[in-house]
Structures are given as C-alpha cells and as structure tokens.
Amino acid sequence: MVRKFDVSTSWLQTKELCRYYRRGPHEVRAVDRVNLYLERGEFLGIVGASGSGKSTMLNLMAGLDTPTSGRIEIDGTALSSLTRRELAAYRARRVGMVFQSFNLLAHQTALKNVELALYFNDTPARARRIRATEILERLGLGDRLDHVPADLSGGEQQRVAIARALVKGPEVLFADEPTGNLDQVNTEQIAELLAGLNRQGLTVVVATHDLDMARRYAHRTVRMDYGKLVATDSGRTDGEPGQ
Amino acid sequence: MTFKDLILISTGNLWRMKLRAFLTISGVVIAIAAFVSMLSFGAGNQRLIEQQFLELGLFSTMYVYPPDEEDVDDSLAAAVLDQQAVEALSAIPGVNLAYPLEAFSVTASLDDKQADTRAQALPGAAVQTKIFSQLVAGSAYTGDSAREALVTEDFLEEIGVDSADSALNKKLVVSVQVASIDSGLTRVLQSLGERVGERAGNFNRDSLRSMEYWQRAARQEMGGAMARFVNGYLNHRATVSDTLVIRGVLKGRHGHRLRIEPVIIPLATALRFNTGGFTGSPADLASAFGSGDFFAAVSDSTSKSYRRVTLDLDPHVLYQPVKDSVEARGFRTFSFAEQFDEIRRFFFYFDLALGLIGLIALTTASLGIVNTMVMSIVERTREIGVLKSLGADEREIRLLFLVESGAIGSIGAATGILTGWIITRIASAIAKAVMEDQGIEAVELFALPLWLVLIAFGFGLIVSLLAGFYPASRAARIDPVEALRND
Ligand SMILES: Nc1ncnc2c1ncn2[C@@H]1O[C@H](COP(=O)(O)OP(=O)(O)O)[C@@H](O)[C@H]1O
Ligand SMILES: [Mg+2]
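Respectively, the protein sequence lines represent chains A and B.
Using my numbering, read the first sequence as starting at 601 and increasing by one per residue.
Using my numbering, read the second sequence as starting at 34 and increasing by one per residue.
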C-alpha cells in the first residue's frame, strides 16, 4: 500500500526558500526557490551531487542558517518570526542533527558528549546523566560510556553522535551525509539504525550523495541540482527497506 | 544552562589547557599580589599612625601658639599667650584642660650618674591625659606640688639605667642654673670693687680738672658694667637644686609627632626653679629682650607669656569649632585631628598611586587574558558550532566565555591576594628583624584589611570580565554553519 502524504498536514514546509552566498562578484545560489514539505513520521532522502545545496537545505530547516528569502514553516509557524533565542530553543528541543564528521567534542567522553545536548533544554544534571546513559545503552554503547571519541571506531562515533541527537527526544532528525565517513559495514549499520528509529515514529531527513542508500531506506527521495529541487521519487513503499 | 553548569564547563576548559591557563592566571596573580602588598604597606602605615594617635589621645589634642609676628596687625594689640589666655582657653566649650609648655634646661642626677637634659613643668591634671599616661612603670605624680617627677625611657637610657622598674622611687636630683638679676648684679659689683681699687692706683690728679676725662671715664665704666651684667647673667648663675622621687617612667619614642621632655615635674614644684628668670639658652634670652617681656618675666610670673599651650579636648567634640574660637582670639593652632585628616588625604593619594601601579600590571595581565581567550576561541570554533547546533543561544555562549575569563580573574585574584599576603608577611618579618637590630621597637608595617581584600578581588574579577568581553562576543557571533563545514 502506498503511503499518502498530505501537504496540508505536513510538519515542515518551505516556500520559495532561497539561500544565496556572495562570493566576490558572484552570487552562489546554494538553495534556490525550493518548495518542500516534510511529513510527520516520514523518512525523507535528499540526494544530489556535492555542492548541490543539500547541507544548506538541512541547516536552513534545522534553524542553524537563515534564508536569504522565502520561508520555512514548522507546524504552521514561520521560523523567521522567531527570535534568535526561540530559534536556539527550537534546535535545543525539537531538532536533532547528525553530521558526516560526527562533530563530537574530542576531549569529552561519549557520555559527556551525549549529556551536552541536555544542557540547553533545562534538564537537571541528574536526569542528564540518566538519560544519556539510557540512550547510549539503547544504541549498544553501554560499555563505551567513558571512552573518548579517539578510542571509538567511526561507526561507534557516529552512534554516539546519533545518541546525542536523540537524547533530547526531538521531533525530527536531520542527518547530513551520516555515512559519508564510514566503511560499507558501518554504513549499513547506521542506515539500519536510522530506519529503525524512523519505524519507531521519528521523522528522519537524510542528505546523501548515495542514491542507492536513499532509495533503499527513504520513503521519499528528493533530488537537488545547483540549489534547485529537480525531482521527487517515491522510494520504498511499505515502511520496510526496499529491495 | 545553570550557573553551576557554566562554572563546571568553564573550569573544565581551563583545566584542559592547564599550561596556558596557568600562565595567564600567573599574570593576574603577579598583578594582584603587587597591588595587595603595596596597598597593604599603605594600609599598615595608616593603621600604625592611627593607633599612635588613638593611644596618645592626639585626636583630642590641640596646640595653641602665639600669633606670628608678621601676621600681627599693628592697629590691634597682639594677643598674648599668658596665664590669663590659658584660663580663657580652658573656658572654651569642648576644652577639658589647657596647660602651657614650660620647658627648661636641667642637670639631672640619679645615683652617681648625671645628665644635662630638659625638664617640663606639667600640672597634675595634664599628667592624666593620654599623652602622659603611656607609663611603662609606676604611676602619675600625686599633685602639683608633689616632690615627684616622671622620666622617659629615653632619659633612663641616656643616663644608663636599664630597667624602668629599678628607677622607680629613686631620688632624682634636679639642678637648674638660674640666671637672675641678682647674679648679674653680684658680678657687676664684684668686678666694680676690683676696678675701683685698680684705678685708684694710677690716679692722675690733673685729669680731674678735665670735664672730658670724667665723661670718658663715666662712659667706660657704664659700658663695662653693662657688659659685666650680661656676662654675669649668663655665666654666673645661681644653682637651684631639688630632690624629687621618680614616680613613673613614660614610654619613650612617641614617634616624631610628639615631643615630650625627658623629665616631667609637677607645676608648682617646677616654679621653684623658675622664679629667678630665664634658664634657657642665650637665643631665648635674645628673643625675650626683643619681645620686651624680659623684666616682666622676672618680676611677675603671672604675666609671663608662653610659647605653646596644649589643649586637651573632649573626644566627642569636633576640633573645628574649638580651632575657630581659639583662632578668633588671635592665636595660631595646630590640631592633630586636622593633621590626621591631612595624613589620611596623603594616604588616599599614596594608595591611589600604588593602586595605579597595580592596575597597570593588571592591565598587562588583562591583555594576556584577551590573548588566551581569543586563541582558545579560534581553536574551539568547531566546538562553538556544535554547541550552537545543540541549541546554545548567543547569550549562553557569551556567558560561557565570560565565566571562563572570570574564572581566570577569580582564581588569579584569590591566589594573588594570598601571594600578596605571604609577601607582606615575609617583608614584615624582615622589617621587624631590621628594626629590632637597630634597637627600634618593632612595629607591624603591613595590614590586610577586609576592604583591601575585597577591592583586590573585585579589581581582578572586573578587569578579567572586561578582558573577556570582546572574545566572548566574538565567540557568540560565530556562524555555526561556517564552524561546522567540512571543507
Ligand atoms: N559560506 C558559504 N560561502 C560561500 N559559498 C557557500 C557557503 N556555504 C556553501 N556554499 C556554496 O553553496 C553551495 C552548496 O553547498 P552545500 O550546501 O554544502 O552543498 P552539498 O551539501 O550538497 O555538498 C556550494 O556551491 C558551496 O560552495
Ligand atoms: Mg554537504
């Protein structure tokens, strides 16, 4: 059965979203008049060549970057109407982010790295520790709590990063090339992990240049080219990884 | 983020860069230590003077002097600081006691030892004031006419008595060479007799007819008589002696602020020495001639004028009204309280100058803080990006770095205060050793009052926060997208 996504009930919606960069005399249109919606509970893949604007798109939706023009609405509220503090709170409470290069703090343990995500949403110190430990154990890192990133494999580091994104209980997870630095085996594991989280109800957006992976795991894949959204493919149809 | 979170994260970051943090903090430590030890010296000296003032009751002591000769308006009669003036001064509201300074040269003998020194006549009531109550042994004398005396430690030292206690109740023979009209006349008559005989020997009858001769002889004899009178007055004085019992020994060396004569004698007892007239130096004599009270002093002690009168004030009254009313009578005043105000003003500028030096050091240290913070922000750009992606807002990032520089300042200031204190302890020990070595009573030259601790800590903290302000704003403005880019 094909899942239907209704635009009017989407969690996020962009309208004529633009993000231009000035580079000397030239203007780089990293994101150019993009109209995109994101349904609650879906697994969206954003594919495209390197430099096509995927990361910029994710940063805009996560409230980390500000559009040059156009708008982003979350549950009907324009991100542009939020103050900077409200925008920070949006990132702190509703959005989880995962990066290609993990971006863990090298001098902190896995546990501390995960706890860090709870410093910005008023979680008391004791609860921080308990919840960070729980999520790391859930992701199979129960025996890695006191390890610093350098002592972890790439796959483990990315799982710590995912734990950090999940510990706050976000509504959506934005993953920017989450497997870009991983080997085949770890790529599979991380992709499976994200798909599993999505099955438990988490909305997941993955930006990747790996078209094959997007096809296998995403409900829906959009393709970007020079900042423009050029095509939409439906991916897997049944909530299970496609063949 | 709670304040506790901020502190823990910031100190954690400092701990991570131990060497750099240590060096930066050291700058603050040195500056604050310098600031504290210098101001501690100022505060110590100020306290010392204040203690001295309190101990001697100087805050309620005022000196009154006769008017300056140049200042006297010719059309008005100059105010005279005589017994009548002393009584008038003691009637001024707020004045407990007024007593003149009467000092004269004496020869004092104790056992077989003898010394030329100076004595001061003092009424019994004045001996009770704080200035004269710093006794190391014995007590004040019992009355104005008691045959008793007080001596200072310095006097005992000079005369060669080691312990103050051993001097108590000993007999002190005080002798004064009283120059008087009598001694002057004695000399004149004595030599006149010699000369008359001498002249009779080579008497020339013929000369008697000459009026000129008589005139010359008369002039010669008159001039000679005057010269002999003065000579006799100065050099052939009568000696008046009295034997007094040493009642008490006064603490010596009250600083240079206060001069107390080595031997203090009850007023009425002292008058015995003084009836003859001047006992002072030829210079005093000359000035007495000049002021015209030479013969007055000899004939009538009540109209004698004093060089200084001491007022003992009620400690609860302000010195200014008393000073005003004394000056209204035409006298000059010297108020220790006023002097202390000046001393305090001096210390204010002294402290300000020292503090400024400390502040300059602190400014240098603050540049170190700025440098450290900017470097650490450049290094931690990606970390700041991560924090922002996790939901840290600009205020939180700014606070994080402000707390970090504030921690540098607080740790540096606290350690600096401790270091400064240790420095002053060492300096104080050395100073005391030197003072003892020189035979001076060892005093504490340094003080670390609470206000100094608070100001030092406050300065350390404020300067470090100011130093952290620019780096912190810079950190807050870091673009997370830039910071997190892979390329
Ligand atoms: N801060 C920037 N300044 C200038 N150009 C930028 C900046 N960030 C991204 N770009 C440009 O925007 C385009 C899209 O970049 P990006 O979103 O990172 O693409 P992708 O993630 O698909 O590789 C690229 O051409 C990139 O060079
Ligand atoms: Mg990218």
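Everything labelled a hint here was simulated from the structure, so no lab data went into it.
There could be a bad hint or two in this list.
[Claimed, not checked] Using C-beta positions, here's what the derived DEER-type ranges look like:
| # | chain 1 | residue 1 | chain 2 | residue 2 | range |
| --- | --- | --- | --- | --- | --- |
| 1 | B | Phe55 | A | Ala750 | 22 to 28 Å |
| 2 | B | Ile40 | A | Gly651 | 30 to 36 Å |
| 3 | B | Ala460 | A | Gly742 | 31 to 37 Å |
| 4 | B | Ser59 | A | Pro625 | 34 to 40 Å |
| 5 | A | Gly742 | B | Ile495 | 35 to 41 Å |
| 6 | B | Ile495 | A | Pro625 | 18 to 24 Å |
| 7 | B | Phe55 | A | Ser753 | 34 to 40 Å |
| 8 | A | Asp722 | B | Arg518 | 55 to 61 Å |
Values in this document were obtained by computation on a predicted structure and should not be read as measured data.
Even glycine gets a Cβ: it sits at the ideal position worked out from N, Cα and C.
(message) Flag every earlier hint the structure violates by its number, smallest first.
(response) 2, 3, 4, 5, 6 and 8
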